[in-house]
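Assemble the whole structure, with the sequences as input and the hints as a guide.
From first to last, the protein sequence lines stand for chains A and B.
Per the numbering used here, the very first residue in the first sequence carries number 8; after that it's consecutive.
Per the numbering used here, the very first residue in the second sequence carries number 2; after that it's consecutive.
Heads up, some of the hints might be wrong.
Unchecked claim - Covered, in the sense of this in silico footprint (three residues per stretch, anywhere, with C-beta under 8 Å from a C-beta of chain A), are these stretches of chain B:
{"no.": "1", "stretch": "23-36"}
{"no.": "2", "stretch": "445-453"}
Stated by the list, open to error - Sample of chain B residues with no beta-carbon within 10 Å of chain A, all distances over it, derived:
{"no.": "3", "residue": "A10"}
{"no.": "4", "residue": "K68"}
{"no.": "5", "residue": "N284"}
{"no.": "6", "residue": "Y340"}
{"no.": "7", "residue": "A350"}
{"no.": "8", "residue": "P352"}
{"no.": "9", "residue": "S407"}
{"no.": "10", "residue": "A429"}
The set of hints was computed from the structure by calculation and includes no laboratory data.
These figures come from a predicted structure and were not determined experimentally.
Glycine included, C-beta positions come from ideal geometry on N, C-alpha and C.
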Amino acid sequence: MDGIIDSVDILQIIEGCRQNKRASQHRLYAQFYNYAMTIARRYTGNIEAAEEVVNDAFFKVFTKINLYSGEQPFRFWFRRVLINTAIDHMRAKLSTPPVAELQPWHDPESDPGIVEDLTREQILALIDQLPPAYRAVFNLFVVDGFSHDEISDLLNISTGTSKSNLARARQHLRGILSDDFEFSRKI
Amino acid sequence: MSDFDKFFAERLNQEAEFPRREKNWKALGKRLDAFYAGAGGAITTHLKYWQAAAAGLAVVSVALVWKLRSVQQENSALQKEVAALQAARETTPPVAAIPPGLQGQESVPFLAPQKQTGSPQPARQPDQDAAYSDSPVHHRPASEAKEANRPGRIFTIPSAKRSNLTAYTDKNTLAATPETPGPNTPAPDSTAGASALPTVTALPGTEAIAGALDLLPFAGSGLPKRLSVGQVDLPSAPVAPVTRPAIPPNPVRDRFRVGVQAVAATPLPADKGLSWLKGGGLNAEFSPLRSLWLTASADWLGASVQVKDSLRRHYLPPAPNKYPKPDHDLVQVDGNPRYQHVSLGLRYALPLRFWVQPSVRVAHTWVHRPPSVFSFKYVDYDPGPGPPKPVKTEYLAARTEDRWMSHIWQFGTVLEYTTARWVFRLSADYMQGGGATGPAFDALLVQTGVQYRF
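What follows is the structure, given as structure tokens:
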């Protein structure tokens, strides 16, 4: 896997992709598949939709590879393409189901041991339970490092809405964790 | 960023292994192939056939336009000629005479019979020779001179022949040259036993004509009182017998047609659980050139989806605030999608005469899929531990997005039965396209309908 600066190998692969060489496209796909799936999985909530997003993103990359100038590392450019594709996919999905208000009785932050014990899969399952709009803002801000201004542009919402959705996402996660904590304590 | 956020970011950025990489790559490879084929990166043989067909169609169209132009020019010329002939016929009786002043002119207009009638020619009587000789052609009365000015088929008698004619007339032989009776010529009383005289187109030597005339049987008794050598019948135009063609001629050419049609279509390949698309629509056609039509149509179709088998292993998405439930299998999908087709194209009526008129057509179609609701049935066959429990069934409803699909082409044939005002038609089309950058929309369509022509 390439680092911040693209290696010679990845540059050669990209050059092959510019010439529509199927072997180069396959190598790029194999190299970035898990990376892409990891990101797409966070936004879509399930594996099948993530595969769809990843293939859509690779399709865009292969057909518009000439738009990649090489000024920034390929990984960053690809990540941006992937996130945009995931957001487009999310927009095309169904409207957000109503979510009941949660009243956490236990703040997990006060007991970090509870959270730290969670595995990546468990955390992913928690994220999946967020409504898509909240999940997108949480992923963009917390995990992918976008600012609220960038999020508002990406999601076509106001900055205030972005902040509000992030706060609600955090509140939901805390509520879920509290519920889970209560459940485990009862057992 | 709080520790809470850092913790999530750290964990969620960990790269994990995911299965089905090669399978997904194959799917993407096929999609890329379709894209490059559609974008011209790699023109497939299939496309080459269509390109060749399009080029051939263009050549045929140019040839037809040229042919149409030449026929129009020919028609206009013929119309002018017919108008001139009709005007001449209305103003001219079918008899003309040699104008007065025959002698002393360089040439004399002379009307020659074009067609022998079935009636035998009257023969002259010997005692009438003097009467004929008393009215030589250059001393005709004014009424004859007037008629001589009317047009007709005119031969010119050369001067040398005219001198022979004069001499012959003086010998009282030519004056008896009978004419073919025309509409304005009094019919002889008795024509039995008479024979037709030879057509006078050029006069041979006087003696030879006299000898020939001497051989004629002069048995007729009802000769007209005055016969002039310049008076002949205007030939009547030969009229061909009118026969009814085996196939009735096409009705009057029309330029506009509007109509309605019923449509049935089956997607290709025909997936199990997806019914035929059925519906109806409107169409309109305009003909800028003969046999060539610009077509436009709009159809509204509907289908029903009920898929029970061949479902991939889908699971019920997790409900809010609950962990995912991978134990619910998707077992059935139901829906009633609707489609709207809008087509613009060209239709060419093949130059074949038959009871039904065959045509070929090509059209570009836009397909609109409005939002529709699908229901998904999930079943949990093993609801949980403990004693056996009934199967748990859950339903989800989903609404599809509004979508337009383009780059869909339609090729087909049309059979038409045309009456004075109505056209009854049956057509079959193959619809293909939309697969390069969107969902494929291949289908076979059958249409039947009626059009009003004007």
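- Per the stated criterion, does the least C-beta distance between B:N284 and chain A lie above 10 Å, as a non-interface residue requires? holds (33 Å)
- Item | Check on B:K68 being off the interface with chain A, judged by Cβ distance over 10 Å | holds (45 Å)
- Can we trust that B:A10 is non-interface, i.e. its beta-carbon lies farther than 10 Å from all of chain A? violated (5 Å)
- Query: Is the nearest Cβ of chain A still more than 10 Å from the Cβ of B:A350?
  - Reply: holds (42 Å)
- Query: Would the least Cβ to Cβ distance between B:S407 and chain A come out above 10 Å?
  - Reply: holds (18 Å)
- Query: Are at least 3 residues of the stretch 23-36 of chain B within less than 8 Å of chain A when you compare beta carbons?
  - Reply: Holds: 8 residues of the stretch 23-36 of chain B have a Cβ under 8 Å from chain A.
- Message: Minimum C-beta separation from B:Y340 to chain A exceeding 10 Å: can you confirm that?
- Response: holds (19 Å)
- How does the coverage statement for the stretch 445-453 of chain B fare against chain A, requiring three or more residues with Cβ below 8 Å from a Cβ of that chain? Since three or more residues must qualify, the claim that chain A covers the stretch 445-453 of chain B is violated, with 0 doing so at under 8 Å.
- Can we trust that B:A429 is non-interface, i.e. its beta-carbon lies farther than 10 Å from all of chain A? Correct as stated: the minimum Cβ-Cβ distance to chain A is 35 Å, above 10 Å.
- Item | Beyond 10 Å from each Cβ of chain A, as asserted for B:P352 | holds (45 Å)
This entry does not satisfy hints 2, 3, going by the numbered hints stated previously.
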